[in-house]
Amino acid sequence: MISSVFVALTFLTAVVTVGAVGPASVDLGTAGNYAIIGETGITTVPPSVITGSMAVSPIDATAITGFSLSLDPTGQFSTSTQVSGQIFAASYSVPTPATLTTAIGDMVTAYNDSISRTNPDFLNLAGGAIAGLTLSPGLYHWGSAVTIDDDITIAGGATDTWIFQVLGTVDIAANKRMTLSSGALAENIVWVATGAVAAGAGSHFEGVILGKTGITLKTGATANSRLLAQTLVALQKATVTT
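Those letters in the sequence shown? Residues -20 to -1, 1 to 222, per mature numbering (1 follows the signal peptide of the UniProt record, and there is no 0), in order.
What the hints contain is simulated information worked out from the structure, not anything from laboratory work.
Take every hint as true, because none was put in to throw you off.
In silico EDC-like pairs for lysine to aspartate or glutamate, Cα to Cα no more than 16 Å straight-line:
| # | residue 1 | residue 2 |
| --- | --- | --- |
| 1 | LYS192 | ASP86 |
| 2 | LYS156 | ASP129 |
| 3 | LYS156 | ASP131 |
| 4 | LYS192 | ASP151 |
| 5 | LYS156 | ASP130 |
| 6 | LYS192 | ASP93 |
Have a look at the derived ranges for each label pair, beta carbon to beta carbon:
| # | residue 1 | residue 2 | range |
| --- | --- | --- | --- |
| 7 | ASP130 | GLY55 | 44 to 52 Å |
| 8 | GLY107 | ARG157 | 17 to 25 Å |
| 9 | THR31 | THR54 | 21 to 29 Å |
| 10 | SER161 | SER73 | 42 to 50 Å |
| 11 | THR98 | PRO38 | 30 to 38 Å |
| 12 | SER161 | ASP129 | 15 to 23 Å |
| 13 | ALA(-1) | THR54 | 36 to 44 Å |
| 14 | THR221 | ASP129 | 23 to 31 Å |
| 15 | VAL1 | LEU51 | 43 to 51 Å |
Beta carbons are placed, not taken as given, at the ideal position from N, Cα and C, and that holds for glycine.
Please construct the entire structure, taking both the sequences and the accompanying hints into account.
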């Protein structure tokens, strides 16, 4: 009896003390308040479905197209039937411009942090052709483009983390999916790319995207994600959920 109790207590202690696996999380700061940020604009071929708020800065509201904006009487934000939250632009009334300046700064800080992490757990995995793979928690680094021509799985616990550093473009092919398993959460996954990120028609993307350039979701693509771009975010009848 004593030995079985000891074993049981030892097991429980082991369960309690297990920690998260993967790199230190990336702090989005106030950029995390938005489903989509585009420094040079956000466009859609309607209808798209956005859960959360959107913002453009330092560009003005004319760079938000396809959403049929309705300006709030305060002049601080707009709304759209395609967006569940509010829509902000640098040209709107105070305090919106200052708030967006902070959010853009936080986005750039998060990008710089995540792209500069060193000592990757996985270096140039599969030469960037990662179709069909299951990706465990860790820091991944590719010195060139990443292509996803078939489904992939991101597997890990609810507190585990992933950073995918890509010194180039990221492309997921039409009708291919990223799937989370074993409790993995999209909020703990960061794709940081120096080149454009594109999700093909009917594809599904998981994780926060920090893009040095543009992010495109083609016709019918879906993303469980935040799209944070230092240039343009372009949607084509797409769905973004945070």
